[in-house]
Amino acid sequence: MDAILLQILNGLDKGGAYALIALGLTLVFGTLGVVNFAHGALFMLGAFCAVTVNQVIGLEQVTLDPNNLTPWGTPVEIREPYIVSWLGDTGHLILDYSVPVSILAAIPIMIVIGFIMERGLIQFFYKRPHAEQILVTFGLAIVLQEIIKTWFGANPLPQSPPTALRSAADIGVLVGFNPGEIVYPYWRLVYFVFSALVIGGVFAFLQLTTFGMVVRAGMADRETVGLLGIDIEKRFTLVFGLAAVVAGLAGVMYTPILPPDYHMGMDFLVLSFVVVVVGGMGSLPGAVAAGFLLGILQSFASMTEVKSILPGIDQIIIYLVAVVILLVRPRGLLGRKGVMEG
Amino acid sequence: MGILQVQNVNKSFGGLKALNNVNLDITEGTVHAVIGPNGAGKSTLLNVCVGRLVPDTGAVLFNGRPLTGRSPHEINQMGVARVFQTPEIFADLSLLENVVIPTLAVRDGSFTVNAWGRVDNQAEIRDRAEAILESVGLAEKRHHHSGNLSRGDKRRLELAMCLVQEPKLVLLDEPTAGMSRADTNATIDLLARMQEEHGVTKIIIEHDMHVVFSLADRVTVMAQGTPIVEGTPNEIKGDPRVQEAYLGGAHL
Amino acid sequence: MTTPLATARSDLILFGAFTLAVLTMPIWLVPLGAGYPDLMQKFAIYGLFAIGFNILFGLTGYLSFGHAAFLGVGSYTAVWSFKLLGMNPVPALLLAILLSGLFAWVIGFVSLRRTGIYFSILTLAFAQMCYNLAYSVLTPITNGETGLRVLNSDPRALDHLTGQGVVDGPLVSNIFGLEMNGLPGFYFCAVWLLIGMYVSIRIFRSPFGLMLRAIKTNQTRLNYTGISTRPYALTAFVISGMYAGLAGALLCVTDPLAGAERMQWTASGEVVLMTILGGAGTLLGPVIGAGLIKYSENIFSAFHEQTLHDIFGFLPDGVEGVVVSVAGLFVGEGWHLTLGLLFMVIVIFLPGGLTSGVRQLVQMARRSSGGSGRSGGDAGTAPQAAE
Amino acid sequence: MVDFLNPSRRGVLKGGAAIGAGLAAPTIFSSQAWAAEYLNKPTGDTVTFGFNVPQTGAYADEGADELRAYQLAVKHLNGEGDGGMLNTMKPLTLQGNGVLGKKVAFTTGDTQTKSDAARASAKRMIEKDGALMITGGSSSGVAIAVQSLCQEAGVIFMAGLTHSNDTTGKDKRRNGFRHFFNAYMSGAALAPVLKEAYGSDRKAYHLTADYTWGWTQEESIKNATEALGWETVEAVRTPLGAGDFSQYITPVLNSGADVLILNHYGKDMVNSLTQAVQFGLRDKQVNGKQFEIVVPLYSRLMAQGAGENVKGIFGSTNWHWSLQDEGSKAFVKSFGAEYGFPPSQAAHTCYVQTLLYADACERAGTFMPCGVVEALEGHEFDGMGNGPTLYRADDHQCFKKVLVVKGNENPTSQFDLLEVVQEVPAEAVTYDASIFGGELGDCNNGV
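Residue numbers (our numbering), protein chains in the order written: chain U, 64 to 405; chain L, 148 to 399; chain A, 11 to 397; chain V, 55 to 501.
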């Protein structure tokens, strides 16, 4: 029982991440009709926003200690973050909360990145075949990750959650389990709540604002909305910016769970496409539902009990689900009939 | 008994009744027009005939054999060709290739792997294809990219692609929709000439009365999913029910 | 607009020129630094892979993202054939073609029920399943991470029958004692490349090929023309799967080791990139794309600071330092960056791939030199997507 | 049979320099092989080594560090710089003027941590650049693949970082040599330390990367810990590159185990350790004991990736820059002076391998692979870190001290992440060469 509950928690948490990444992808596909292979790179860039913010606020003052030499004969460096020498304990606190603080920086940065990407490249590919969109965005993804690699190196760069959230919460006790049976890391709980909030925010935005209405109408029937004389171009740019922000935030908050490296975008790329397709191309609720579904299925497939019956099932479960869904229900879980139905 | 019989066909989309107990009998060798206001169910009827839609109840018989439940390529192989509202051609291929493909489909059936011989060595196929291009007046453009043709020429090409198969029945879905007056007239001329030369049974779905009265032998008027009147063009012209259907359509 | 016509004669000239270029690779590649057997073998093998992929993607427009699976199946089959039957490459190739064709039939049968991006995702999913399983639970068959190799203790039944069972050197695939590494290995692959190219030309010009191109342009029309499209697409899928299997087997003929990474989605992506880079739907494009990518993978990655200093040594010191550090971003560790930029540039400026770029250049040159493009032209079918 | 593998105009063709050099005659046809006793016999005044390291992919930083070490080794061999370990290596035949009077040149390549790419790159070095020796790599799959290639081609392979038992076990080759330690030695070195620290009554839970290296390590550690009296509760295989390991970690919580052993390397290890710590495993009390995590194979780069999560966690490593023997000090000094930070264990092993190869050539008086093999087999040396070392003739495995390390609780710098707990002597980790099977076969000169 406790094992199953824990796997459901795992699934929800994983699903939150999958849903966040897939959300922007399906948004861009649904409104802009663009298959964006650089979406994973946006996730990765978001994560590196957190790294950059951490490095900037953790900028260290280096003093050399001439009395103390390293084994290779240079003076030992004594490093102290400027922020600590200026602000004392407050500085420590800000450093400690650098990941959540990064969100503030990541939003404008990701908007700008999204705008530049859309205006500089994507807009020229709206009418081009999917294959060319895939190729050019794939090329872009490689370029972006190589730039990150040149700057930050290939090794993962660990980011810590705030000290207060570093350990695990004994949530089982709250619902009557023995202490220690159902524990779950605080940060993962935070991530889950965060992803729920962002997803809710995006939905509210699309549901309640005029802009959102136009976007939703555009997802339903792009040509008509264009005919209504609405400047769809400008809104496309905004949609792309929104998708970039969602992916970026997903990346920022994921850094304490997965120390970011330059390749993490590619690692999530295939997965996010599977989530989008399972949910239904261009369907936002579908992406969310598929994210959670795949997260939970993946968690259960990894259980030893399951693996002993079906060896290797945890290696392929995601793909297996995609195949089954596509064959049985080609428009995906919540895709509208007739949209991209093949 | 006619070449095509539509028997008690019903088709609904959700709550909307698109075809309501439709019966139709098309006589071989005639040009039969189906007209009616928007939403009268003309296109649905046509799609049921070519196998794109499956009717909820009822049957479509072609020469006494049922068409319902068959896929489009099977129906074509039985001798039913279709012309679309917007010309559906192979836009990336040359005009000649566009007509070679239907010619091959007649000779080789719906699936044959002939991966070794060169297309340009198949003399009899080529001759037929070039002859049909000649007859629609596109011969000199045969090596052009068909995607670059004018709308009228695309329509000619599409007709050529149908006719080269020597079908027994051609279904035309608003063949002059969106065309200029000149292109429309050229298309009417072409269809008329073809009727003289080939004499194939045709069903034409049309809005444009000019087209209907120039070409059709018989006319069926549909409204709200049901045929309401059938007769020669002259009979139809004066019928008050037709006027009402169109005016009523305007109300809707 | 009319394009130059492809006649039987022009195809023959094309094939002749291609044959000449392939067979003289050991000469003209030397000044490019690529004239060594292994890279030339890779050119031929990946060229073959891309030619096959192009028969599916270039002609029908179905974008498979899982072709590496067939490459892997071909490789494993070949090595198993070496292990069980013997080091002769012929049975290995035949079995590989057969088995990868069978695999392609199964995967294609399922995947072709969908089109567009759904088809791509289905093929991707199948290939990833193959890869993940080959790396882990299928290790008894694939030898997992280490890769499947031929061992002296393997049965190699035919070898023992013909008295070649006991080898004291390394086990290398051979035909009657001629070992399939080095230049003989290259020529062996080159012959297969030429056969593959010839078959591809025949398919391109055949009624079958015309149907495949029609699938790409307008499936609806094709259906209403009395053609059942799915069996055509499936046949194309199987043929291209067999090419991939053959390429995979050749990889093992020249180097008897089959690794699971060959099936990874990035490997599938690579052949897509090769084909589009060179020009999808053209005859030569995929081979050129394959060559270009393998060249940059092997040559750009081998540059290091010292070689850069050698190259730019003629510059004044200060300038040299700057040039070397800038150039260093794009070679060695940074060769992926070069590759990514290359894709972007090609797709943005030459959507038809390199071959179409060359064609445009030729046309521009013709136009400017006053030789106004002939219209009409001689007999033959027309705008062939080829050169 | 005529040899077609002979290099084409090495020196002129180095890198792309030849692109502008015009049409060079295809020497590939005018083979001079019949004159040579071995493949790629150097005819000019240089000898070429091939440094085959991961430049892209997850181990790119490790590869970059290996390359730094190689370049330093070449400098030292050619008599430039401060000489590094050439000053401490015993016995030493090298003169500091290159090898056998020839200057050392090198060519580099990218393994991409894929067997195919690694072999293609090694082949280029052999066929085009005329490399006599290939070295490098950051994973066992690649090492084994390249080792067997070198055996077939007839050059020497000096393995870089490879920890699987198979490299010098069932996949050993006469032309291949490994200085790095292996999974068995990790187990043998770790077990007594673990016993001392955590007692002999422990229940272990393994998470193992689902591929060959993971399996050999799991087996070795299992055997070693079970011999102590530990019980193995469960050994679960995880997909390579799983990213999020939470679904594998939660079952540990209530499994009754009180030690988690992570048979992961690289990114997998960074992720699984980070996440295991977040799940509060290290704060847990199970069976009345403190829950512990063990990472049998450590590297500094991985420790950097996992950050503060490594604090207090035991593992083993081949070498660490804080060692105080003369050899290590000399190496750290020249590496640090050159690059500004201390070398990693991968850098150390690569540097040492290069020197050992060069010295063996010098001692053998030839670059001929069989001569070099003979000179290296059973060679005993000292002054290269890790104390007196034997290159065992039976399996070409080095036997030397293995370091048991622990994540540093109070690091003084970003490099000071691991603290050496114990230097386990070579005798304690030596095993019978036959236990892992495999055949060395004959040496191959490539002609």
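Mixed in with the good hints, there may be bad ones.
Chain A side only, calculated, beta carbon under 10 Å to chain L, not exhaustive [said to hold, decoys possible]:
| no. | residue |
| --- | --- |
| 1 | 27 |
| 2 | 29 |
| 3 | 31 |
| 4 | 123 |
| 5 | 221 |
| 6 | 249 |
| 7 | 367 |
| 8 | 370 |
DEER-style ranges, computed between Cβ atoms [as the list claims (entries may be wrong)]:
| no. | chain 1 | residue 1 | chain 2 | residue 2 | range |
| --- | --- | --- | --- | --- | --- |
| 9 | A | 175 | V | 470 | 39 to 45 Å |
| 10 | V | 339 | U | 122 | 39 to 45 Å |
| 11 | A | 34 | U | 369 | 43 to 49 Å |
These are computed hints drawn from the structure, not numbers from a lab.
For each residue, glycine too, the CB sits at the ideal point set by N, CA and C.
Here is what the structure says about each hint:
no., hint, result
1, 27, "violated (19 Å)"
2, 29, "violated (19 Å)"
3, 31, "violated (23 Å)"
4, 123, "violated (14 Å)"
5, 221, "holds (7 Å)"
6, 249, "holds (8 Å)"
7, 367, "violated (19 Å)"
8, 370, "violated (15 Å)"
9, A:175 <-> V:470: 39 to 45 Å, "violated (58 Å)"
10, V:339 <-> U:122: 39 to 45 Å, "holds (40 Å)"
11, A:34 <-> U:369: 43 to 49 Å, "violated (58 Å)"
In this structure, the hints that do not hold are numbers 1, 2, 3, 4, 7, 8, 9 and 11, in rising order.
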